[in-house]
Amino acid sequence: MSVAYKINQAISADQFINLLSGTTLGARRPLDNIETINAMLEHGNLLVTAWQGDKLVGVARSVTDFAFCCYLSDIAVDEAIQSSGIGKQLIRLTKEALQPQCTLILLSAPQAVDYYPKIGFTQHGSAWVLTDIDALK
Numbered sequence: 001m002s003v004a005y006k007i008n009q010a011i012s013a014d015q016f017i018n019l020l021s022g023t024t025l026g027a028r029r030p031l032d033n034i035e036t037i038n039a040m041l042e043h044g045n046l047l048v049t050a051w052q053g054d055k056l057v058g059v060a061r062s063v064t065d066f067a068f069c070c071y072l073s074d075i076a077v078d079e080a081i082q083s084s085g086i087g088k089q090l091i092r093l094t095k096e097a098l099q100p101q102c103t104l105i106l107l108s109a110p111q112a113v114d115y116y117p118k119i120g121f122t123q124h125g126s127a128w129v130l131t132d133i134d135a136l137k
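For the sequence shown, this note's numbering assigns the number 1 to the initial residue and increments by one for each residue that follows.
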């Protein structure tokens, strides 16, 4: 079946959860917290989706200023059809939606660390993550 790609086509929390549930990314997302999922969808400002008919089969969800940097927070493709080029096309369409000099940034899932160098990403050795505000005391 052919795949159709859409830019900034709204998706429901249920569609997003169903897709993520069929991927390894689902284990690292708050699928049981509908408020957070809704906020993720509402406040991300670039959404590229892949569809087979009316079924969501891939998503690239980003937060960006479109000019300097774009954080590709979620890239997921239904595991049943991975390795078919959908993820690469989602990333390509995300990058094409940005100004040419805009840097695309992502944090890799452990299972995908070997994938990104194959499609042109370079590893950055100084990314940092803060999850606990009390650490700033």
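Don't read these hints as lab results, they were simulated from the structure.
Treat the hints loosely; a few may be bogus.
[To be verified] The calculated lysine-lysine pairs, modelled on DSSO-like cross-linking and capped at a C-alpha distance of 30 Å, are:
(1) LYS118 with LYS6
(2) LYS88 with LYS137
(3) LYS55 with LYS88
(4) LYS55 with LYS137
(5) LYS6 with LYS55
(6) LYS95 with LYS118
(7) LYS137 with LYS6
(8) LYS95 with LYS137
(9) LYS95 with LYS6
[Unchecked claim] With beta-carbon atoms standing in for the labels, derived distance ranges:
(10) ILE105 with THR36: 32 to 42 Å
(11) ASP132 with ASP54: 20 to 30 Å
(12) GLY125 with ASP14: 31 to 41 Å
(13) THR131 with GLY26: 38 to 48 Å
(14) GLN52 with HIS124: 12 to 22 Å
All C-beta atoms in this analysis are idealised placements derived from N, C-alpha and C, irrespective of residue type, glycine included.
### Query
When the hints from earlier in the document are held up against this structure, which numbers fail?
Result: hints 2, 4, 7, 8, 10, 11, 13, 14 break, sorted rising.
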